[in-house]
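**Student:** So you can see what is in the structure, the chains are spelled out below.
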Amino acid sequence: MSKQQPKADNSSIITKLLASVVIMFAFGFALVPLYEKFCEMTGFNGRTSNTAATADGNMQVDESRIITVEFATRTGRGAPWEFKPEVRSIRMHPGEIKVVNFIVENRTGQNRVAQALPSVSPGEASLYLNKTECFCFEQQPLAAGETAIMPMQFYLDPDLPDSIRRFTLSYVMYDITDQVGSGAVTASRSE
Amino acid sequence: MSTVVADSHDAHDEHHDHKPTGIKRWLFTTNHKDIGTLYLWFSFAMFLLGGSMALVIRMELFQPGMQVVDPHFFNQMTTMHGVIMVFGAVMPAFTGLANWMIPLMIGAPDMALPRMNNWSFWILPFAFLILLSSMFMPGGGPAFGWTFYAPLSTTYSTDSTALFVFAMHIMGMSSIMGAINVIVTIMNMRAPGMTYMKMPLFVWTWFITAFLLIAVMPVLAGVVTMVLTDKYFGTSFFDAAGGGDPVLFQHLFWFFGHPEVYIMILPSFGIISAIIPAFARKPLFGYASMVYATASIAGLSFLVWAHHMFTTGMPTFASLFFMYMTMLIAVPTGVKVFNWVTTMWKGAMTFETPMLFALAFVVLFTIGGLSGIMLAITPVDYQYHDTYFVVAHFHYVLVSGAVFSIMAAAYYWLPKWSGVMYDEFLAKLHFWCSLVSVNILFFPMHFVGLAGMPRRYPDYALQFADINAIVSVGGFLFGFSQLIFLWVVIKAARKQGVPAPAKPWEGAEGLEWEVPSPAPYHTFDTPPKVS
Chain D
1 MSKQQPKADN
11 SSIITKLLAS
21 VVIMFAFGFA
31 LVPLYEKFCE
41 MTGFNGRTSN
51 TAATADGNMQ
61 VDESRIITVE
71 FATRTGRGAP
81 WEFKPEVRSI
91 RMHPGEIKVV
101 NFIVENRTGQ
111 NRVAQALPSV
121 SPGEASLYLN
131 KTECFCFEQQ
141 PLAAGETAIM
151 PMQFYLDPDL
161 PDSIRRFTLS
171 YVMYDITDQV
181 GSGAVTASRS
191 E
Chain H
1001 MSTVVADSHD
1011 AHDEHHDHKP
1021 TGIKRWLFTT
1031 NHKDIGTLYL
1041 WFSFAMFLLG
1051 GSMALVIRME
1061 LFQPGMQVVD
1071 PHFFNQMTTM
1081 HGVIMVFGAV
1091 MPAFTGLANW
1101 MIPLMIGAPD
1111 MALPRMNNWS
1121 FWILPFAFLI
1131 LLSSMFMPGG
1141 GPAFGWTFYA
1151 PLSTTYSTDS
1161 TALFVFAMHI
1171 MGMSSIMGAI
1181 NVIVTIMNMR
1191 APGMTYMKMP
1201 LFVWTWFITA
1211 FLLIAVMPVL
1221 AGVVTMVLTD
1231 KYFGTSFFDA
1241 AGGGDPVLFQ
1251 HLFWFFGHPE
1261 VYIMILPSFG
1271 IISAIIPAFA
1281 RKPLFGYASM
1291 VYATASIAGL
1301 SFLVWAHHMF
1311 TTGMPTFASL
1321 FFMYMTMLIA
1331 VPTGVKVFNW
1341 VTTMWKGAMT
1351 FETPMLFALA
1361 FVVLFTIGGL
1371 SGIMLAITPV
1381 DYQYHDTYFV
1391 VAHFHYVLVS
1401 GAVFSIMAAA
1411 YYWLPKWSGV
1421 MYDEFLAKLH
1431 FWCSLVSVNI
1441 LFFPMHFVGL
1451 AGMPRRYPDY
1461 ALQFADINAI
1471 VSVGGFLFGF
1481 SQLIFLWVVI
1491 KAARKQGVPA
1501 PAKPWEGAEG
1511 LEWEVPSPAP
1521 YHTFDTPPKV
1531 S
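Protein chains in written order, with this note's numbering: chain D, 1 to 191; chain H, 1001 to 1531.
Wrong hints could be hidden among the right ones.
Residues of chain H placed beyond 12 Å of chain D at every Cβ, according to the derived structure [stated by the list, open to error]:
| id | residue |
| --- | --- |
| 1 | Met1323 |
| 2 | Met1344 |
| 3 | Pro1454 |
| 4 | Ile1484 |
Computed, partial: chain H to chain D, Cβ under 10 Å [said to hold, decoys possible]:
| id | residue |
| --- | --- |
| 5 | Val1216 |
| 6 | Val1223 |
| 7 | Val1247 |
| 8 | Thr1312 |
| 9 | Leu1483 |
Here are the computed distance ranges between Cβ atoms for each label pair [what the hints assert, rightly or not]:
| id | chain 1 | residue 1 | chain 2 | residue 2 | range |
| --- | --- | --- | --- | --- | --- |
| 10 | D | Ala143 | H | Pro1379 | 25 to 35 Å |
| 11 | H | Pro1138 | D | Ile97 | 50 to 60 Å |
| 12 | H | Gly1139 | D | Gly57 | 55 to 65 Å |
| 13 | D | Gly145 | H | Asp1466 | 49 to 59 Å |
| 14 | D | Ala143 | H | Tyr1156 | 51 to 61 Å |
| 15 | H | Gly1242 | D | Val22 | 53 to 63 Å |
| 16 | D | Thr168 | H | Gly1234 | 26 to 36 Å |
| 17 | H | Gln1067 | D | Glu86 | 26 to 36 Å |
These are computed hints drawn from the structure, not numbers from a lab.
Quick reminder that beta carbons are idealized off the backbone N, C-alpha and C, glycines included.
All chains, full assembly: derive it from the sequences and hints.
**Tutor:** This is the structure in structure tokens:
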């Protein structure tokens, strides 16, 4: 330490620091997919799977427990419809398969396309909620003035922790016509 | 410690004549003292500007109901007040102190990268010009709070958001350049014999702060970029309709935001660790533990961000993790407070203004730290979240913490900067007015917060009226007390006062006191020997 000359080249330190800046900037963006993956694994943000689950035929219905599942619905900003579940809540055993209908009414004179996004609270429950059929898996074309009844079939994994006795499944129904175009509506609905 | 001053005196005289004059001296300067002075004046101006915005807020909240400004303007005031105080007042003040003091403290002739130093200062006024001019756009300036949560800053904001984003980018670049400069200076420019563990704590704390800046300012740049593309270029980082997640914004923002709060307090720790030993006339107790405590706080600051988000419905394990990590920070912080108190123990203390501010810092910062521990407790945070209790907490650590430490530093080093002793009577008046008014201003906020008054609203329930009136009175007293400070600084800058000796404080330690007062334009052209 008795030299007065620089201990290392200025430019090598600067290069390393600038590299760190670039890496941290990239890291900020890398956190986006990392967060998504993390949420998928832990149920952190309460989002449920976008693909249909297949119920295991040997699944045991756990009749010792009754779980209350509440349904909440909301329309996306500016979306022109009425959207509600047929029932506000149901009580069910883990392992039991249930169907709940959701009703959406397009209140405009135009063909629109809707997309529902699910969210579960508390988020942990989303890991044990398995949908075998859901309107949220696909975009929903809604003809002018159409009222559609959309089913959602699901069961709860019997491994559901004992601490969860009640949870809420909520759907937000967005209007995505501007993004996808209303042409899709002319194709008739599958039901 | 050093005999260099006499040796290099001829060199000084030569240089003195080459100092450019007029506006060009300041525009093109690469001198660390000039740039430090620019930073300090700039931050003072921003402090007064951000303070006047706070007074608009307090004026509106003096009585329940709407009287002075409309809610949208109120929201712009809270937003601008936060952004200006964080990025315009506190951070540039610390960078200014770093510019002035780090080369003097480590025996270096200047900062390592003087031209970049000029840049990192001069882009700042433009950043704030852009930010402030956005208030004159149709629809007004940013009104989404300094935390610019999505979707407030994306779906629901006006076009001034673009200016806000660019201003943030420039401020970030300035901070990053400043941090690079500090790191290279400290690593390469130390005088012979100045080993890392001999560096003054102000240098140490800034060294660690600079690494924090390098680590998190780019993340902030990324977040504001995402806000910009979400708003204007159709991406959906934070938009649930497009597959994004608004809660992700909060994770990214606080990943930057929590280290940021330590960026605003670690240099304070360094300042207080210089001042208390000087006026207690005892060496700092536990120097090495101070260094390690600072480093541990910096490390832990990356593991606590989600304590700002307990109410977003995190799973229990995550809440517990962030709660315990947050409480763990109290340990190194407690080490520091303990060391300061122990330094004073049986010391021969005198109470000049820098010491008064340092003592107020220790007491009031600790109050802010304790309310921080209360906020760290997840279940009770559900009650405290987004209330005036939080406002009280972070103003205790930022105003009576960071800002008080900056004032302490200003009084402590003013004789070195200006060459004259500041007016001790006015300085003490400033201190006592500030001390009393800051507590009238912020202490009652704890109570309305616990009683449930939410932050960021231009109006409130009637039962909070009396306390808000008291708070507003405290706010105006505190605001106008700062004019005394301005007066003291102007007097010193105009050399009105008793000429200061090289070392005006009897117990002060460090190389900065080996050079004459005012510090010559060029110092340590030949490095001092540090034993």
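**Student:** Does the no-contact call for methionine 1323 of chain H survive, Cβ to all of chain D over 12 Å?
**Tutor:** About 16 Å separates methionine 1323 of chain H from the closest Cβ of chain D, which puts it past 12 Å; holds.
**Student:** Verify the interface restraint on valine 1247 of chain H: the C-beta must sit less than 10 Å from at least one C-beta of chain D.
**Tutor:** 6 Å, holds
**Student:** May I ask you to check that proline 1454 of chain H keeps its beta-carbon over 12 Å from the closest beta-carbon of chain D?
**Tutor:** 22 Å, holds
**Student:** Kindly confirm whether 53 to 63 Å is satisfied by the beta carbon distance between glycine 1242 of chain H and valine 22 of chain D.
**Tutor:** 27 Å, violated
**Student:** Against the range 49 to 59 Å, how does the distance between the Cβ atoms of glycine 145 of chain D and aspartate 1466 of chain H compare: consistent or not?
**Tutor:** Roughly 57 Å apart at Cβ, these two residues keep to the hinted range, so it holds.
**Student:** Return holds or violated for the Cβ distance of glutamine 1067 of chain H and glutamate 86 of chain D against the range 26 to 36 Å.
**Tutor:** Violated, at about 50 Å.
**Student:** How does the Cβ-Cβ distance of alanine 143 of chain D and tyrosine 1156 of chain H compare with 51 to 61 Å: does it lie in that range?
**Tutor:** 31 Å, violated
**Student:** Close enough to count: is the Cβ of threonine 1312 of chain H nearer than 10 Å to one in chain D?
**Tutor:** Threonine 1312 of chain H check passes; min Cβ-Cβ to chain D is 9 Å, inside 10 Å.
**Student:** Is the hinted range of 25 to 35 Å satisfied by the C-beta distance from alanine 143 of chain D to proline 1379 of chain H?
**Tutor:** Between alanine 143 of chain D and proline 1379 of chain H, where Cβ atoms are some 50 Å apart, the hint is violated.
**Student:** Does the Cβ distance between proline 1138 of chain H and isoleucine 97 of chain D fall inside 50 to 60 Å?
**Tutor:** The hint (50 to 60 Å, Cβ to Cβ) holds, given that proline 1138 of chain H and isoleucine 97 of chain D are roughly 56 Å apart.
**Student:** Does valine 1223 of chain H hold up as a contact with chain D if the rule is Cβ-Cβ below 10 Å?
**Tutor:** 6 Å, holds
**Student:** So the hint says 55 to 65 Å: do the beta-carbon atoms of glycine 1139 of chain H and glycine 57 of chain D match that?
**Tutor:** 59 Å, holds
Violated hints, in rising order: 9, 10, 14, 15, 17; the structure is consistent with all others.
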